[in-house]
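**Q** Model the full structure from these sequences, guided by the hints.
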Amino acid sequence: MEIIMIVLAGILVSASVYLILSRSLLRIIIGTSILTHAVNLLLLTMGGLKGGAIPIYDKTIKQYVDPIPQALILTAIVISFAITAFFLVLAFRSYKELGTDNLDEMRGVPDDE
Amino acid sequence: MMSNILVLPIVIPAIFAIILIFIGKKPIIKRMVAFFGAILTALSAGYNLFYIMQHGIQFLELGSWPVPYSITLTVDHLAAAFVFTTSLLMIFIILYSYQSITVERERYYYYASVLFMLCGLNGAFSTGDIFNLFVFFEVFLMSSYVLMIIGGTKIQLQESIKYILVNVISSSFFVMAVAMLYSVTGSLNMADISVKLSQLNNHSIITIVAILFIFVFATKAGMFPLYFWMPGAYYAPPIPILTMFGALLTKVGVYALMRTYSLFFRTETVETILLVLAMLTIISGVIGALAYRDMKKIIIYNIMIAVGVIIAGVSVLTVDGMLGAIYYVFHDILIKAALFMLVGIIIHITGQTAYDRAGGLIKQYPLLGWTFFIAALSLAGIPPLSGFFGKYYIVKALLAEGHVISAVIILLSSLAVLYSVIKIFMHVFWGEEEIQIQPKPYKKMLIASIIVTLLAVGFGFYADALFPIFHEAALTLTEPSHYTQILEVK
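Residue numbers (the numbering used here), protein chains in the order written: chain A, 1 to 113; chain B, 1001 to 1490.
If you are wondering where the hints come from, they were derived from the structure by calculation, not from laboratory data.
If you're wondering where the values come from, they're calculated on a predicted model, not measured in any experiment.
One or more of the hints may lead you astray.
Here are the simulated lysine-lysine pairs, DSBU-like style, with alpha carbons at most 30 Å apart [unchecked claim]: (1) B:Lys1440 <-> B:Lys1423; (2) B:Lys1297 <-> B:Lys1196; (3) A:Lys96 <-> B:Lys1162; (4) A:Lys96 <-> B:Lys1025; (5) B:Lys1297 <-> A:Lys96; (6) B:Lys1154 <-> A:Lys96; (7) B:Lys1297 <-> A:Lys62.
**A** As structure tokens, this is what we get:
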């Protein structure tokens, strides 16, 4: 099971790297969110994927899955959600101001200090 | 055992930042509240430092759960000194902002972002938990995104995109590295991880995780192959924000590298990688500092040189090397802030960023001129001033370990640093007057930058008095059992 998950995370990372290296800003943002998906999957996998009940206490259950990676992922998801939201608004604003979403054209603004 | 006072430098700025969000549009009140909040933070940080000097390393189990199971704040001498310096510097940056940040920017939560950043920085310095370190990294990174974009000029939009992209990627790799570390050790507490890794006897997976961590923190600190975002991104925002970034943000990367390297990854391979990267960082920083005519760019490349020097000191893992790195990092926080502030005043007065477009300022602004001169000499490390002790110890440690070429590179880099900054001084303050200068208010900016320069000079003159703290800090870094003792106290 871990092997499959690791391969899946690897595929996601390679897809995100490909997207991040493209020119369009929206593709780059899609790439970063895929990267965070891959990382969260990896975090889940690294905690171990052995069978067990969900980590809600019950007297009859002997074995639970590891609760720590789930808490970590929950934190990481919220953080990456906030950053993605900020990044998307930034992309929108810069499209309005700079008039392009091509990262190659985003250079050489004269300094306005 | 110290009660909850350790948490104050993190909580006070957060509370004041929340208050600042609710204060409406009166810039005067906002300034006062932010200033007061920064002073309170610095006082509590100073008290913590004083307490730790007398009683040794302090830790706090949040929620009173025993050590490996709770998030702990572990504050040793190094962390306490970092927290104190950061909080102190933030007071002067806020004072400096009064006249250099425009009212529109102040209206859109500038001071709230500054205080959230202070909260994140203090948290990152004093945490003892690796995932909590990630969270505090995100706290100050998120504030830094806001600060970098605030105002919304074209260059800021354009450079923020690159800055945020680089940091999102490196944060993802941080989570990946934490995941791998968790699967190897099964723990998140840094002291606990350190003990468990030392029982593993240099398994090769540790080297891989170490390289992942170096990748993450080197991106934050602006080290050799990963510095490409820094010159552009730091060029965009206004000067007080740039001061904060240049003086503090890169140093958190350096601090995290010091902490993780000394606690987790004490292998030969990692040492070689760090030393080589540090040398390449110095060389590329020197090339940049000599190549540009733009004052901001020159100082930005000087940050890279300093980061290289500090990492070179850290990499040898001896008491002397660490001592030098610690002296140099605090010197550099103060002097970089002073230089950015002074360059900011020059740009504010003349309206030019290239040094050869201004001239002859010394007649009208003698105080500014001589302060800049002292700051420049201090940056290069002329003996009675503050840059000397750090470099002395670093070079001594490198020579003791037989890294002669690295020591020579560091000494030569001082020459390049001096040349690059004195070049600004000679062009801007001497030479002929070319442009008409309209008088602009700059008193508060000058006061703040003179105080920071004096702090840097005082740091040089009283280096002797600070030796006990820094020596303890260096011992904790070279001998992890000092740090991991909190596990036994239970």
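**Q** Against each hint, give a clear statement of whether it holds in the structure.
**A** Against the structure, the hints come out as follows:
no.	hint	verdict
1	B:Lys1440 <-> B:Lys1423	25 Å, holds
2	B:Lys1297 <-> B:Lys1196	44 Å, violated
3	A:Lys96 <-> B:Lys1162	17 Å, holds
4	A:Lys96 <-> B:Lys1025	27 Å, holds
5	B:Lys1297 <-> A:Lys96	28 Å, holds
6	B:Lys1154 <-> A:Lys96	10 Å, holds
7	B:Lys1297 <-> A:Lys62	62 Å, violated
When held up to the earlier numbered hints, the structure conflicts with 2, 7 and fits the remainder.
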